[in-house]
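Chemist: Residue numbering for the sequence shown follows this note's numbering, starting at 460 and increasing by one per position.
Derived from the structure by calculation, the hints contain no laboratory data.
Some clues are possibly wrong.
[Stated by the list, open to error] The calculated label-pair distances, taken between Cβ atoms and stated as ranges, are:
1. Ser588 to Gln503: 51 to 59 Å
2. Phe587 to Arg677: 44 to 52 Å
3. Met490 to Pro581: 24 to 32 Å
4. Arg678 to Arg526: 49 to 57 Å
5. Glu675 to Ile651: 30 to 38 Å
6. His599 to Arg554: 31 to 39 Å
7. Gly521 to Leu485: 50 to 58 Å
8. Gly659 to Val518: 26 to 34 Å
9. Ser507 to Asn687: 36 to 44 Å
10. Val523 to Ser588: 49 to 57 Å
11. His599 to Ala649: 40 to 48 Å
12. Ser686 to Ser494: 47 to 55 Å
Idealized CB from N, CA, C, for every residue including glycine.
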Amino acid sequence: MDASRATEPPASASDGPDAASLQVVLAEYAMLQASLKLSWDLTQQRTSVFFTVLSAVAVAIGLVAQRSGSGLAFGPFAAAALGIALFVGLSTFLRVIQSLQEVTLIILSMNRIRRFMRDATPRYPRLFSLPVNDDEASLHHGIGGMYGHGAEGMRRGYGVLQVPGVIAVVNAALAAAATSIALAGLVPQAAISVGAITFGAVLAVSLRHWRRAADEVRRSLTPLFPSNGPTAEPG
């Protein structure tokens with residue numbers, strides 16, 4: 460064992476950080492805040508683009524329907540237009556999931572720095588309203604969390620109400636509509652049934668991908684300050 464480490468006094472939560480360390484920590488926190496805002500903005504922009512494209516496709520299909528009625532040209536056009544909207548929707552869904560993975564890691568990193576700030580001012584722990592732990596449980600009590608629904612929220616259907624869930628439902632509806640329209644001229648008696656099956660399959664695959672992405676982040680977590688640890692956040 461290193462003799463210098465043996466004689467080193469133990470660290471105490473009341474030991475205040477020096478000015479240089481505090482400046483570095485605050486700079487890192489500011490960078491994380493900027494990254495969090497960038498990730499949220501990207502999610503909103505991609506979602507807005509998707510619904511803008513969806514609106515344009517709906518208008519285009521309506522105009523063609525007025526011109527051609529239910530003629531032979533309407534079916535292929537509508538199926539192709541819905542297919543384009545579906546492509547944009549799927550790419551948006553995947554990018555939003557990636558952004559949420561980034562947001563999760565950023566929020567946990569910010570929690571760690573808030574823990575450092577709280578430990579540096581042990582006389583005022585009650586002033587920190589946001590979580591100061593970096594485990595999965597803290598994600599459900601902070602900004603962007605599931606507001607008390609916990610880790611099982613998505614399994615109970617709450618996840619469908621979040622942005623990725625809404626996009627997944629819209630994508631499933633687009634896939635079902637495109638499939639039904641494409642089959643309407645070939646096997647009209649089975650078009651609606653196949654469309655319903657397509658809706659369920661696309662929605663199930665999308666939610667499964669989202670859950671696997673969440674599990675991937677969960678497996679990568681190594682909490683330094685778990686909520687049930689010996690120095691957990693006070694209740």
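Chemist: Now look at each hint and say whether the structure bears it out.
Modeler: Hint-by-hint comparison with the structure:
1. Ser588 to Gln503: 51 to 59 Å: violated, 25 Å
2. Phe587 to Arg677: 44 to 52 Å: Between phenylalanine 587 and arginine 677, where Cβ atoms are some 25 Å apart, the hint is violated.
3. Met490 to Pro581: 24 to 32 Å: holds, 26 Å
4. Arg678 to Arg526: 49 to 57 Å: holds, 54 Å
5. Glu675 to Ile651: 30 to 38 Å: With Cβ atoms ~37 Å apart, the hint holds.
6. His599 to Arg554: 31 to 39 Å: violated, 24 Å
7. Gly521 to Leu485: 50 to 58 Å: Given about 54 Å between the Cβ atoms, the range holds.
8. Gly659 to Val518: 26 to 34 Å: Hint holds: Cβ distance 28 Å, inside 26 to 34 Å.
9. Ser507 to Asn687: 36 to 44 Å: holds, 40 Å
10. Val523 to Ser588: 49 to 57 Å: holds, 54 Å
11. His599 to Ala649: 40 to 48 Å: Since histidine 599 and alanine 649 have Cβ atoms about 44 Å apart, the given range 40 to 48 Å holds.
12. Ser686 to Ser494: 47 to 55 Å: violated, 24 Å
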